[in-house]
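**Q** For this one, chain H is given, so just place chain W on it according to the hints.
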Amino acid sequence: MNALLHQILSGLATGGIYASVALALVMIHQATHLVNFAQGEMAMFSTYIAWALIEGGMPYWDAFALTILISFLGGIVIERVVIRPMANAPVLASVIVFIGLLVILNSVAGWIFTYTVKSFPSPFPAEPLWNNSYISTHELGAIGVTLVVLALLFIFFRFTLLGLAMRAAAENPVSSRLVGIRVGWMLALGWGLAAAIGAVAGMMVAPIVFLDPNMMSGILLYGFAAALLGGIDNPAGAVLGGFIVGVLENVVGAYLIGTELKLTVALVVIVGVLTLKPSGLFGRVLVSRV
Amino acid sequence: MRERSYTLAAALAAALTLTAPALAQKQYGPGVTDTEIKIGNTMPYSGPASAYGTIGRAEAAYFRMINDQGGINGRKINFISLDDGYSPPKTVEQVRKLVEQENVLLVFQPLGTPSNTAIHKYMNAKKVPQLFVATGATKWGDPQHFPWTMGWQPSYQAEARIYAKYLLQTKPDAKIAVLYQNDDYGKDYLKGLKDGLGDKAAKMIVAEASYEVTDPTVDSQIVSLQGSGADVFFNVATPKFAAQAIRKAYDIGWHPLQLLNNVSISVGSVLTPAGLEKSIGIITADYRKDPADPQCDNDPAMKEWRAFMAKYYPEGDVKDNSNLYGYTVAMTLAQVLKQCGDNLTRENVMKEAAHLDMSPGTLQPGVKITTSPTDFFPIKQMRLQKFDGKAWVPFGEAIGS
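So the protein lines, in turn, are chains H and W.
Counting in our numbering, the first sequence runs from 2 upward without gaps.
Counting in our numbering, the second sequence runs from 63 upward without gaps.
Treat the hints with care, as some may be off.
Derived lysine to any residue pairs resembling SDA-like cross-links, with alpha carbons at most 25 Å apart [claimed, not checked]:
{"hint": "1", "chain 1": "W", "residue 1": "Lys340", "chain 2": "H", "residue 2": "Ala127"}
{"hint": "2", "chain 1": "W", "residue 1": "Lys381", "chain 2": "H", "residue 2": "Thr115"}
{"hint": "3", "chain 1": "W", "residue 1": "Lys340", "chain 2": "H", "residue 2": "Ala4"}
{"hint": "4", "chain 1": "W", "residue 1": "Lys340", "chain 2": "H", "residue 2": "Asn3"}
{"hint": "5", "chain 1": "W", "residue 1": "Lys381", "chain 2": "H", "residue 2": "Ala53"}
{"hint": "6", "chain 1": "W", "residue 1": "Lys381", "chain 2": "H", "residue 2": "Gly57"}
{"hint": "7", "chain 1": "H", "residue 1": "Lys119", "chain 2": "W", "residue 2": "Thr334"}
{"hint": "8", "chain 1": "H", "residue 1": "Lys119", "chain 2": "W", "residue 2": "Pro110"}
{"hint": "9", "chain 1": "W", "residue 1": "Lys249", "chain 2": "H", "residue 2": "Ile97"}
{"hint": "10", "chain 1": "W", "residue 1": "Lys249", "chain 2": "H", "residue 2": "Gly219"}
{"hint": "11", "chain 1": "W", "residue 1": "Lys152", "chain 2": "H", "residue 2": "Val109"}
{"hint": "12", "chain 1": "H", "residue 1": "Lys119", "chain 2": "W", "residue 2": "Phe449"}
{"hint": "13", "chain 1": "W", "residue 1": "Lys249", "chain 2": "H", "residue 2": "Leu264"}
{"hint": "14", "chain 1": "W", "residue 1": "Lys152", "chain 2": "H", "residue 2": "Ile97"}
{"hint": "15", "chain 1": "W", "residue 1": "Lys452", "chain 2": "H", "residue 2": "Glu128"}
{"hint": "16", "chain 1": "W", "residue 1": "Lys381", "chain 2": "W", "residue 2": "Phe449"}
{"hint": "17", "chain 1": "W", "residue 1": "Lys452", "chain 2": "H", "residue 2": "Glu56"}
{"hint": "18", "chain 1": "H", "residue 1": "Lys119", "chain 2": "W", "residue 2": "Phe457"}
{"hint": "19", "chain 1": "W", "residue 1": "Lys265", "chain 2": "H", "residue 2": "Leu257"}
{"hint": "20", "chain 1": "W", "residue 1": "Lys237", "chain 2": "H", "residue 2": "Asn3"}
{"hint": "21", "chain 1": "W", "residue 1": "Lys152", "chain 2": "H", "residue 2": "Thr117"}
{"hint": "22", "chain 1": "W", "residue 1": "Lys249", "chain 2": "H", "residue 2": "Pro129"}
{"hint": "23", "chain 1": "W", "residue 1": "Lys100", "chain 2": "W", "residue 2": "Tyr114"}
{"hint": "24", "chain 1": "W", "residue 1": "Lys249", "chain 2": "H", "residue 2": "Tyr256"}
{"hint": "25", "chain 1": "W", "residue 1": "Lys138", "chain 2": "W", "residue 2": "Thr334"}
{"hint": "26", "chain 1": "H", "residue 1": "Lys119", "chain 2": "W", "residue 2": "Tyr107"}
{"hint": "27", "chain 1": "H", "residue 1": "Lys119", "chain 2": "W", "residue 2": "Lys152"}
{"hint": "28", "chain 1": "W", "residue 1": "Lys249", "chain 2": "H", "residue 2": "Val266"}
{"hint": "29", "chain 1": "W", "residue 1": "Lys340", "chain 2": "H", "residue 2": "Pro129"}
{"hint": "30", "chain 1": "H", "residue 1": "Lys119", "chain 2": "W", "residue 2": "Lys100"}
{"hint": "31", "chain 1": "W", "residue 1": "Lys152", "chain 2": "H", "residue 2": "Leu257"}
{"hint": "32", "chain 1": "H", "residue 1": "Lys119", "chain 2": "W", "residue 2": "Pro234"}
{"hint": "33", "chain 1": "H", "residue 1": "Lys119", "chain 2": "W", "residue 2": "Gly337"}
{"hint": "34", "chain 1": "H", "residue 1": "Lys119", "chain 2": "W", "residue 2": "Val275"}
Calculated directly from the structure, the hints in this document are not laboratory data.
So here's chain H without its partners, still in its complex pose (with noise of 0.2 Å):
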């Protein structure tokens, strides 16, 4: 019993990773309809910058905040640079200039930084919380971290008239266009939050698995699984489904199929969804006349 609360809390601490993960796909989903394949590489990469800046001297939550920008303003240029020139394209194109990126900024990063594993510090303490031995106090933080980065995300779009315009733009851009929204930067504005949000995942992600260049390689794919389970239109839906994901790979790998198969719960979640319920639990299903 004590042992399958120890993984089921495990599980709770590395899907609260996916969940991270997952409210970054969700949000460039909700910019672009696409699913971005550089997101973990372009969290990854803002993670360095984190590092780099925290190397130089600098207190552990400006250098949180700089790289939150920074990544936010590298993002807009992407969308600016490599994506606009692709908006007419077909989605396999799109596609494969994503799967593009992935290799470049994995490459950058192992080229500038190195492929020497790195720790990266926690900004909470390495006692954990009432000396309990189940889950760290920086997974906790992390936990909490996503919990609060997907407070904001529903405030900015339920609330605010730029959240409002974001949200029109990518629904329908030919109508927000005519009442005035400015479609194109509606867009990079989304891809600047999605890298924002992705720096801030990087940042909570890397004290648990290390920072290198491939850090984000493995769980992006759960990120994806997190993201279909929960609706890939649905923020809380996500990160829901991040928290899923994490207990049933744990709690299935321990004590039904074994560790070999437990990536392999995350794909069959994945085709599971798709063919069963592409909408996701929480997802709205589309209708589209044709």
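**A** Showing chain W alone in chain H's frame:
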């Protein structure tokens, strides 16, 4: 080219029919002249394993030093080291280029188990020495089926058998939990441990958990292993996962005797990220001296190594044991070529490589490099060492597998 190989074949035939006096004449394989020996190599200078690229640079530096000292038996080494990005198809391409276009005498130290597996059959079909490969898989020491391939460092299985020997001596009723990477490398260690424990293996190993390189963390596996009630933890993981495992075990209050595989021996990229105080007491085995160990400061062989690094590879990290590895393995090749004298055919290179008996000062005391026509495992002993919070401290004698 073709003409030259005919002459070569003729020369060989002549050598076979004649006896002793003919052997004293110069005999050259491809890539050898009176002034030069061409050696080929592949290394991951780019890609996921590029941290190991420094090995190739250290080897190139060693051959520069040899050339500055006049070469080997008057011949300079022309070391052609190509990047394979740790991608087996790329290794095949580069090695074929080395063998078929550059006409190298031999391919030295290609790095990586998958890369070497990809060229294993090719090298043996072409009868080109694949010498001192930079991987610890056990399959490189098979002279009966692959007479043109030889490893260098102790195999993973040999290392695991050394831990088994240590456990049987000091903790015969240990309950062992194993974490291993789910591939040839991880399974080699597991097999070595089981072989070493013999018929007690089934009783002593109480839990096994594997992980995939795509797993974000190994936390769940560590929780399962702790649940088995084991008092010995054998950590067969690459640096990132080894560090995660050490930290997680500590954090959940599991304090078994920890055995860490030599793959993840680096203090800088494993124990420091895991936490130095969380790593105290971990035991591992090594055949090299630790260049970061202050005890080695007055060691003559290590002083020589430091002088070499300062002069020929100043941008390399003196504390990185990969550089010491490259230096020592290059020294081994130099010894083989020296023994070959003026008979520098591919056949004779393999023959001399199988007649080695040397003890480089950069290896732990008691560790030797010995080979024979039936023994293609040059290094077979290792010495145990324990982490004291700052550095690895060797203890006991060198143990053979």
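**Q** Would you mind marking each hint as holding or not holding in the structure?
**A** Each hint tested on the structure:
A distance of roughly 12 Å separates the Cα atoms of W:Lys340 and H:Ala127; the hinted pair therefore holds under the 25 Å criterion. For the given pair, W:Lys381 sits about 17 Å from H:Thr115 by alpha-carbon distance, which is consistent with the 25 Å threshold. Distance check on the hinted pair: W:Lys340 and H:Ala4 sit about 22 Å apart at the alpha-carbon level, within 25 Å; holds. A C-alpha spacing of about 24 Å is found between W:Lys340 and H:Asn3, which places the hinted pair at or below 25 Å, so the restraint holds.
Proximity of W:Lys381 to H:Ala53 is assessed by CA-CA distance (about 23 Å); at most 25 Å being required, the pair is judged to hold. For a cut-off of 25 Å, the pair hint linking W:Lys381 to H:Gly57 stands: about 23 Å separates their Cα positions. This hinted pair checks out: H:Lys119 and W:Thr334 have alpha carbons roughly 9 Å apart, not beyond 25 Å. Under the criterion of a C-alpha separation no larger than 25 Å, the hint pairing H:Lys119 with W:Pro110 is consistent with the structure, at around 14 Å.
In summary, the hint linking W:Lys249 to H:Ile97 is not supported, as the alpha carbons are separated by about 36 Å, beyond the 25 Å threshold. For the given pair, W:Lys249 sits about 22 Å from H:Gly219 by alpha-carbon distance, which is consistent with the 25 Å threshold. Only pairs whose Cα atoms come within 25 Å are accepted, and W:Lys152 paired with H:Val109 is accepted, the gap being roughly 20 Å. A threshold of 25 Å between alpha carbons decides the hint, and for H:Lys119 with W:Phe449 the separation of about 20 Å falls inside it, so the pair holds.
Between the alpha carbons of W:Lys249 and H:Leu264 the distance comes to roughly 19 Å, so the proposed pair stays at or under 25 Å and holds. A C-alpha spacing of about 23 Å is found between W:Lys152 and H:Ile97, which places the hinted pair at or below 25 Å, so the restraint holds. At most 25 Å may separate the alpha-carbon atoms for a hinted pair to count; W:Lys452 and H:Glu128 meet this at roughly 22 Å. Distance hint between W:Lys381 and W:Phe449 is fulfilled; the C-alpha atoms sit about 16 Å from each other, no more than 25 Å.
Of the supplied pair hints, the one linking W:Lys452 and H:Glu56 holds, its CA atoms being roughly 22 Å apart against a limit of 25 Å. A C-alpha spacing of about 29 Å is found between H:Lys119 and W:Phe457, which places the hinted pair above 25 Å, so the restraint is violated. A hinted pair counts as satisfied when its Cα atoms are at most 25 Å apart, and W:Lys265 with H:Leu257 qualifies at roughly 24 Å. For the suggested pair W:Lys237 and H:Asn3, the alpha carbons sit about 20 Å apart, so the restraint of at most 25 Å is met.
Note on W:Lys152 and H:Thr117: the hinted pairing holds, with a Cα-Cα distance of about 23 Å set against a maximum of 25 Å. Our distance criterion of 25 Å between C-alpha atoms is broken by W:Lys249 and H:Pro129, whose separation comes to about 35 Å. The straight-line distance between the Cα atoms of W:Lys100 and W:Tyr114 is roughly 23 Å, inside the 25 Å bound, and the hint therefore holds. Note on W:Lys249 and H:Tyr256: the hinted pairing holds, with a Cα-Cα distance of about 22 Å set against a maximum of 25 Å.
With a C-alpha separation of about 42 Å, the suggested pair W:Lys138 and W:Thr334 falls outside the 25 Å cut-off, and the hint is violated. Restraint check for H:Lys119 and W:Tyr107: the C-alpha separation of about 19 Å stays at or below 25 Å, so the hint holds. Between H:Lys119 and W:Lys152, the direct Cα distance comes to roughly 28 Å. Violation of the 25 Å bound is thereby established for this hinted pair. A threshold of 25 Å between alpha carbons decides the hint, and for W:Lys249 with H:Val266 the separation of about 23 Å falls inside it, so the pair holds.
Distance check on the hinted pair: W:Lys340 and H:Pro129 sit about 15 Å apart at the alpha-carbon level, within 25 Å; holds. The suggested pairing of H:Lys119 with W:Lys100 is violated, with an alpha-carbon distance near 38 Å, which exceeds 25 Å. Of the pairs offered as hints, the one joining W:Lys152 and H:Leu257 is violated, with about 39 Å between alpha carbons and a cut-off of 25 Å exceeded. A threshold of 25 Å between alpha carbons decides the hint, and for H:Lys119 with W:Pro234 the separation of about 37 Å lies outside it, so the pair is violated.
As the CA atoms of H:Lys119 and W:Gly337 are separated by approximately 12 Å, the hinted pair is consistent with the 25 Å bound. Note on H:Lys119 and W:Val275: the hinted pairing holds, with a Cα-Cα distance of about 17 Å set against a maximum of 25 Å.
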